[in-house]
Amino acid sequence: MGRAKEILVKVINSKIANDFIKKNHYSKKVVPNSTLHLGCFLDNKLHGVMQYGPSINKKGTINLVEGTGWNEFIELNRMAFDDYLPKYSESRCIAVSIRLIKKNAPQIKWIISFADGTKCGDGTIYRASGFKLVGIVDNTALRLNPKTGEAIHVIQAHHLKITNEFKKWKPFKGKQLKYIYLIDKNMKITKEVMPFSEIDVQKAGMYKGKKITVKERKNKNI
1 MGRAKEILVK
11 VINSKIANDF
21 IKKNHYSKKV
31 VPNSTLHLGC
41 FLDNKLHGVM
51 QYGPSINKKG
61 TINLVEGTGW
71 NEFIELNRMA
81 FDDYLPKYSE
91 SRCIAVSIRL
101 IKKNAPQIKW
111 IISFADGTKC
121 GDGTIYRASG
131 FKLVGIVDNT
141 ALRLNPKTGE
151 AIHVIQAHHL
161 KITNEFKKWK
171 PFKGKQLKYI
181 YLIDKNMKIT
191 KEVMPFSEID
201 VQKAGMYKGK
211 KITVKERKNK
221 NI
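So the sequence shown is numbered by the working numbering: it starts at 1 and just counts up by one.
No lab work stands behind these hints, which were simulated from the structure alone.
Among these hints, one or two may not hold up.
[To be verified] Taking lysine to any residue and the SDA-like style, the derived pairs with C-alpha atoms no more than 20 Å apart in a straight line are:
1. K59 / H158
2. K5 / D83
3. K208 / N221
4. K87 / G2
5. K188 / L64
6. K203 / F114
7. K170 / K218
8. K218 / R127
9. K119 / P146
10. K175 / K203
11. K210 / V137
12. K109 / T61
13. K119 / A141
14. K218 / S197
15. K28 / V137
16. K109 / A95
17. K191 / K15
18. K87 / S97
19. K58 / V134
20. K173 / K210
21. K208 / K45
22. K215 / A128
23. K210 / A95
24. K215 / Q202
25. K203 / K102
26. K119 / V30
27. K5 / F81
28. K102 / I183
29. K15 / G2
30. K188 / E66
31. K119 / V154
32. K45 / S97
33. K102 / M187
34. K175 / A151
All of these numbers come straight from a predicted model, not from anything done at the bench.
Take the sequences, apply the hints, and build the full model.
What follows is the structure, encoded as C-alpha cells:
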C-alpha cells in the first residue's frame, strides 16, 4: 500500500469540503444534505474529500437491508481525490471513513453509494473496498438540460419543481450501479447480490469517463 498508509482522514468543515468537491468532482456539484465531511490529508495538505449524508431517497432505499431503522443507514454521496495521492489511496480512505463511522456513529448499520456509468465509472473503488453490487439499471435519473447544458438529477428536478419539463429531456446514455457496504455484518441485504462479472454482461463498464469493460482493464492492469 506504500504511502497510502500515511494519509490522515479527519472531519473538516463543509465549506472546505464543498470547495474541494466543486473543483475536483466530475460533476462540479455538491449534495446539499451532506452532514459528514471527511478530508484526506497527505504531507499536511488536503488531497481528497468524502461526503456522507442521509440517503437522497430514504423511502426507496431503506428496504434494501432487512430490519433497517430510519436513521440506521447513510449514503456516501460525494467522493473526489486529486492526482497527488498514491495508488490504493481511495480504498484506504474509504476503509478509514468506515471505521470512523462505526466508532462515532454506532447506530449506522450500512452504507449505500452509487456509481455513475454515464459520465464517471462503474464503481472500481467500491469493489476494492468490500461493497456489494446490488443493482445495475439503465440511466433515466440523470438528464441533460438542453437550455443550460447542465446535468440534472431527477431528485434535483423534483426540488426545483421542474419534473414535467425534466421528463422531456434526454437521459445520458449508460448505466447506474448501486453498491452497499454492511458495517453490521449481521444485517441482511434483501436484493440479490450480483457478481461483479455482471457489469460486463450488462455492458456497464466505465473508467474515468470512458467506456471500457472490467475484463479489458484487468488485462491492461488499469
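Verification of the hints:
no.: 1; hint: K59 / H158; in the structure: holds, 15 Å
no.: 2; hint: K5 / D83; in the structure: holds, 16 Å
no.: 3; hint: K208 / N221; in the structure: holds, 15 Å
no.: 4; hint: K87 / G2; in the structure: holds, 8 Å
no.: 5; hint: K188 / L64; in the structure: holds, 9 Å
no.: 6; hint: K203 / F114; in the structure: holds, 17 Å
no.: 7; hint: K170 / K218; in the structure: violated, 33 Å
no.: 8; hint: K218 / R127; in the structure: holds, 14 Å
no.: 9; hint: K119 / P146; in the structure: holds, 17 Å
no.: 10; hint: K175 / K203; in the structure: holds, 8 Å
no.: 11; hint: K210 / V137; in the structure: holds, 18 Å
no.: 12; hint: K109 / T61; in the structure: holds, 13 Å
no.: 13; hint: K119 / A141; in the structure: holds, 13 Å
no.: 14; hint: K218 / S197; in the structure: holds, 12 Å
no.: 15; hint: K28 / V137; in the structure: violated, 24 Å
no.: 16; hint: K109 / A95; in the structure: holds, 15 Å
no.: 17; hint: K191 / K15; in the structure: violated, 36 Å
no.: 18; hint: K87 / S97; in the structure: holds, 18 Å
no.: 19; hint: K58 / V134; in the structure: holds, 16 Å
no.: 20; hint: K173 / K210; in the structure: holds, 12 Å
no.: 21; hint: K208 / K45; in the structure: violated, 24 Å
no.: 22; hint: K215 / A128; in the structure: holds, 15 Å
no.: 23; hint: K210 / A95; in the structure: violated, 26 Å
no.: 24; hint: K215 / Q202; in the structure: holds, 13 Å
no.: 25; hint: K203 / K102; in the structure: violated, 35 Å
no.: 26; hint: K119 / V30; in the structure: holds, 16 Å
no.: 27; hint: K5 / F81; in the structure: holds, 16 Å
no.: 28; hint: K102 / I183; in the structure: holds, 7 Å
no.: 29; hint: K15 / G2; in the structure: violated, 30 Å
no.: 30; hint: K188 / E66; in the structure: holds, 6 Å
no.: 31; hint: K119 / V154; in the structure: holds, 16 Å
no.: 32; hint: K45 / S97; in the structure: holds, 18 Å
no.: 33; hint: K102 / M187; in the structure: holds, 14 Å
no.: 34; hint: K175 / A151; in the structure: holds, 15 Å
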